[in-house]
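Asks: One letter stands for each residue in the lines below.
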Amino acid sequence: EAQVTQNPRYLITVTGKKLTVTCSQNMNHEYMSWYRQDPGLGLRQIYYSMNVEVTDKGDVPEGYKVSRKEKRNFPLILESPSPNQTSLYFCASSGQGPGNTIYFGEGSWLTVV
Amino acid sequence: DQQVKQNSPSLSVQEGRISILNCDYTNSMFDYFLWYKKYPAEGPTFLISISSIKDKNEDGRFTVFLNKSAKHLSLHIVPSQPGDSAVYFCAVRPQGAQKLVFGQGTRLTINP
Numbered sequence: 211e212a213q214v215t216q217n218p219r220y221l222i223t224v225t226g227k228k229l230t231v232t233c234s235q236n237m238n239h240e241y242m243s244w245y246r247q248d249p250g251l252g253l254r255q256i257y258y259s260m261n262v263e264v265t266d267k268g269d270v271p272e273g274y275k276v277s278r279k280e281k282r283n284f285p286l287i288l289e290s291p292s293p294n295q296t297s298l299y300f301c302a303s304s305g306q307g308p309g310n311t312i313y314f315g316e317g318s319w320l321t322v323v
Numbered sequence: 044d045q046q047v048k049q050n051s052p053s054l055s056v057q058e059g060r061i062s063i064l065n066c067d068y069t070n071s072m073f074d075y076f077l078w079y080k081k082y083p084a085e086g087p088t089f090l091i092s093i094s095s096i097k098d099k100n101e102d103g104r105f106t107v108f109l110n111k112s113a114k115h116l117s118l119h120i121v122p123s124q125p126g127d128s129a130v131y132f133c134a135v136r137p138q139g140a141q142k143l144v145f146g147q148g149t150r151l152t153i154n155p
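In order, the protein sequences belong to chains A and B.
Here my numbering = 1-based position in the first sequence + 210.
Here my numbering = 1-based position in the second sequence + 43.
Treat the hints with care, as some may be off.
[Stated by the list, open to error] Simulated crosslink set (SDA-like; lysine to any residue; CA at most 25 angstroms straight-line):
#	chain 1	residue 1	chain 2	residue 2
1	B	Lys142	A	Val224
2	A	Lys228	A	Gly305
3	B	Lys48	A	Leu251
4	B	Lys142	A	Tyr313
5	B	Lys80	B	Ile63
6	A	Lys275	A	Tyr313
These are computed hints drawn from the structure, not numbers from a lab.
When you get a sec, could you build the whole thing from the sequences and use the hints?
Replies: Okay, here's the thing in structure tokens:
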């Protein structure tokens with residue numbers, strides 16, 4: 211079954227404590243990305259990766275880091291989380307090309323207190 | 044600056060009737076227009092799309108209309124069913140890019 215898997219699904223953490231949200235896909239997709247969803251704003255792209263070792267900033271990259279050492283994994287790193295990073299996060303993947311469907315993970319609820 | 048706008052946060056429709064969800068965009072440099080559906084505690088799932096060279100695409104009960112001169116996209120669901128109750132996001136894909144730019148979402152409720 212085609213899947214994008216994120217962990218953890220729910221997390222409450224404190225300001226400044228580094229955390230990583232993992233993302234893995236089993237579809238051999240080249241393209242992966244991270245979005246955050248906030249009320250009234252829809253989903254906004256944080257970072258994306260066109261392939262292994264190729265990453266770039268999306269629309270709201272501040273406070274986040276990513277890495278793409280393997281094709282299937284694309285972790286999102288919050289080095290020093292702040293309360294304004296409290297949000298619902300989605301990982302996504304697709305094949306190359308604009309006609310390919312983008313598949314989303316189930317989401318990770320992150321609360322920073 | 045919101046490039047994609049869904050001006051109705053919510054919509055309530057009776058079962059069996061037509062649901063019409065609307066979306067406006069501000070930029071002409073988009074080549075794909077999509078609708079995603081999202082249930083609580085799940086990620087968005089692809090529903091239907093249309094390329095900029097077309098003005099209509101149909102898939103079963105779902106039809107997407109694109110009016111490029113008005114920069115307007117709409118999704119018609121007919122007949123509406125209770126399982127259609129969800130949040131619907133319209134999304135656009137900028138030319139040459141693989142990312143999606145999303146609207147704010149519309150919560151559709153189908154009443155029995």
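Asks: All the hints need checking, so say for each whether the structure fits it.
Replies: Here is how each hint holds up against the structure:
1. Taking the CA atoms of Lys142(B) and Val224(A), the gap is about 31 angstroms. The hint is violated against a cut of 25 angstroms.
2. Between Lys228(A) and Gly305(A) the CA atoms are separated by roughly 31 angstroms; this puts the pair beyond 25 angstroms, and the hint is violated.
3. For the suggested pair Lys48(B) and Leu251(A), the alpha carbons sit about 9 angstroms apart, so the restraint of at most 25 angstroms is met.
4. At roughly 12 angstroms between alpha-carbon atoms, Lys142(B) and Tyr313(A) fall within 25 angstroms of each other, so this suggested pair holds.
5. Taking the CA atoms of Lys80(B) and Ile63(B), the gap is about 14 angstroms. The hint holds against a cut of 25 angstroms.
6. Proximity of Lys275(A) to Tyr313(A) is assessed by CA-CA distance (about 21 angstroms); at most 25 angstroms being required, the pair is judged to hold.
The structure shown violates the earlier hints numbered 1 and 2.
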